[in-house]
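Given the sequences, and given the hints that come with them, work out the whole structure.
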Amino acid sequence: MAVHGQIAVADVGNNLAAARTMAWRIVFIYVVLVGIWILIQSGIPIAPFVGIQIEPLTWTQTLAGWFFVASTGWLLYLLLERGLALIEDAQQALRLRDRAIESSVNAILITDCRQPDQPIVYVNPAFERITGYTRKESIGRNPRFLHGPDVDQPELEAVRLAVKEQRECQVLLRNYRKDGTMFWNELAVAPVKDDIGEVTHYVGVQNDISEMRRYQDELARQSNFDSLTGLANRNLLADRVRVALARADRYSNGIAIAVIDLDNFKLVNDSLGHVVGDQLLKLVAERLKSCMRAVDTVARIGGDEFVLVLVDQGSEQVVSSEVYRIVETFGKPYVVGDQELFVTGSVGVAFSPRDGVEIGPLLKNAESAMYRAKESGRNNLQFYTEAMNAIVSERLALTNKLRRAVERNELFLHYQPLVDVQSNQFFGTEALVRWRHPELGIVSPAKFIPLAEETGMIVAIGEWVLRTACMQNKAWQDAGLPRIAVAVNISARQFREKGLVQTIERILEESGLDSRYLELEVTEGVIMHDIEQVIAILQQIKSLGVKLSIDDFGTGYSSLSYLKRFPVDRLKIDQSFVRDITSDPDDAAIAQAVINLGHSLDLKVIAEGVETQEQLDFLRDHGCDEKQGYLISRPVPAEDFARLLMTARAVAELLEP
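Throughout, our numbering is defined as the position within the sequence shown, counted from one, plus 137.
Among the hints, erroneous ones may be present.
Straight-line Cα separation of at most 25 Å, PhoX-like style, residue types lysine-lysine; simulated pairs [stated by the list, open to error]:
| # | residue 1 | residue 2 |
| --- | --- | --- |
| 1 | 315 | 330 |
| 2 | 684 | 741 |
| 3 | 330 | 301 |
| 4 | 684 | 611 |
| 5 | 538 | 511 |
| 6 | 403 | 701 |
| 7 | 315 | 273 |
| 8 | 701 | 679 |
| 9 | 419 | 511 |
| 10 | 538 | 584 |
| 11 | 511 | 469 |
| 12 | 426 | 501 |
| 13 | 741 | 679 |
| 14 | 501 | 584 |
Across the chosen pairs, the derived CB separations fall in these ranges [what the hints assert, rightly or not]:
| # | residue 1 | residue 2 | range |
| --- | --- | --- | --- |
| 15 | 241 | 220 | 27 to 33 Å |
| 16 | 439 | 523 | 40 to 46 Å |
| 17 | 379 | 479 | 31 to 37 Å |
| 18 | 614 | 723 | 38 to 44 Å |
| 19 | 379 | 723 | 29 to 35 Å |
| 20 | 289 | 465 | 43 to 49 Å |
| 21 | 713 | 440 | 23 to 29 Å |
| 22 | 476 | 354 | 18 to 24 Å |
| 23 | 587 | 544 | 17 to 23 Å |
| 24 | 468 | 358 | 26 to 32 Å |
Just so you know, the hints here were simulated from the structure itself, not pulled from any lab data. We treat Cβ as the ideally placed atom computed from N, Cα and C, and that holds for glycine.
Here you go:
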């Protein structure tokens, strides 16, 4: 404001000085000319030459004339100074206005409404810059040439009506540049009147808001669409369902909500990384969209959770047939890079109006049915029933109880022996967490471990398991029992926690357990994500003297080139391959391949889930080094395992074939 004030003061001063100079010049000329004329009229200049005597009255009249000239000259000066200053101020204001219009960042055009077709008579440089049309190309034309192909915009009628009624208006138009590109024009039109109040021109101020509009569109897209897949998100899903419900009520049709949760998708993320996982989600989304009608909706509302909205459905049988068709297509293999991936889904369906007439209850009921599908073995479809609400309520209640389990000392460990196949000698034990709730009794790990993983509680539980197992092993050693290693499973969430190595080191120090007697098991899925970082973490753990093994080997997507870089000591054949090892040629081939692979990398191979003598015979015949399972012993409490240790030699002799 101070700078603008200084400019204004300077302009006024300059204008006044210029006016004074001009006024002095005019007055000077006036005084000189009139003074000379008075002098000539008095005859004084020629009197000496012609012998005329100048009378006193003549001198008096001449002096009076000069005084009159001087007085009127001064008055003339004052009038001229004021008038010229006003004229200069007006001209300066006009020049300033012209400069402002010429310098404006907004496009300005003026049309003459007195001429046919109201042609443009002026455009400023911003108009040329924004539209690409030069002043020469624009003047003389009606502004409609900017409309391009969009001649039927409703806003144009608003402009025509405002011009007809000789009033202002403001509209948002799609206009086109000379190169054919569209821009959003925020146009303000106002009439310009002459001295008698007649409208002679119209001035239009154009503001190119294309960037703002793109930003607004992007915000709208982000608020309504999933950024990864481009599908509808939860917000847009809610709107679509509300519209579908209103339509269904009006035409007495039904709608179906199907919730699809990908089975074991976490394994893909853990094994192949989130980049591959994201690519797979995109492919799933594309396939789902290709299966749906234009009137239906596909949405993504969670990491691996999709929702289908099927409108105009007549019966549950029709819905069932439609959803089965979609799921069958959805279950075909996906190619990501050079890998072929198979994904199945657990599907829950709720039908309106039977299962609800609002989105909240419908979605909740469809999710209840989806959880039922998961509990029924995954890769199947379930329709909602009222009894399913109990499943969701049970999960929520169990989650709340699990949060208090650690602090209330409700968790405890069981230990299962790890035995050498050839000698039947115990070389270690695996610590397995159990939960005894005061009201629920023993809660199956199959129920609470997935909940702990989903909620992140597995980190605190995992640290408790590690600390308790190390302290128990040290207690056994202090009691004079054979020194064996205790194996503890490290979950995917634990492994990704910052400070994992420091936590392990601290627990070893607190418990006093020699690091040689601790073995950590990580699943194949965990180590195949962010390979270089995983290798660095494994090497840090290995530097502590801790043994490492890969658990559930064969269930993921391991690469041999990476596997040989991991500083691990043993591979564990997943029990899913051991279960039918004597009857399923594929499982037998996989088990044998894992054994051969482990030995080629100089690693020990242990089979988990050994329950029959036939399984053990197969493993022994094919060179498996170690065994674990119910054939040797079920997981038992610490006191019972201590007794097993004391009689280990006798047990080995009993198991000797």
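What are the numbers of the hints the structure violates, in ascending order?
-> 1, 16, 19, 22
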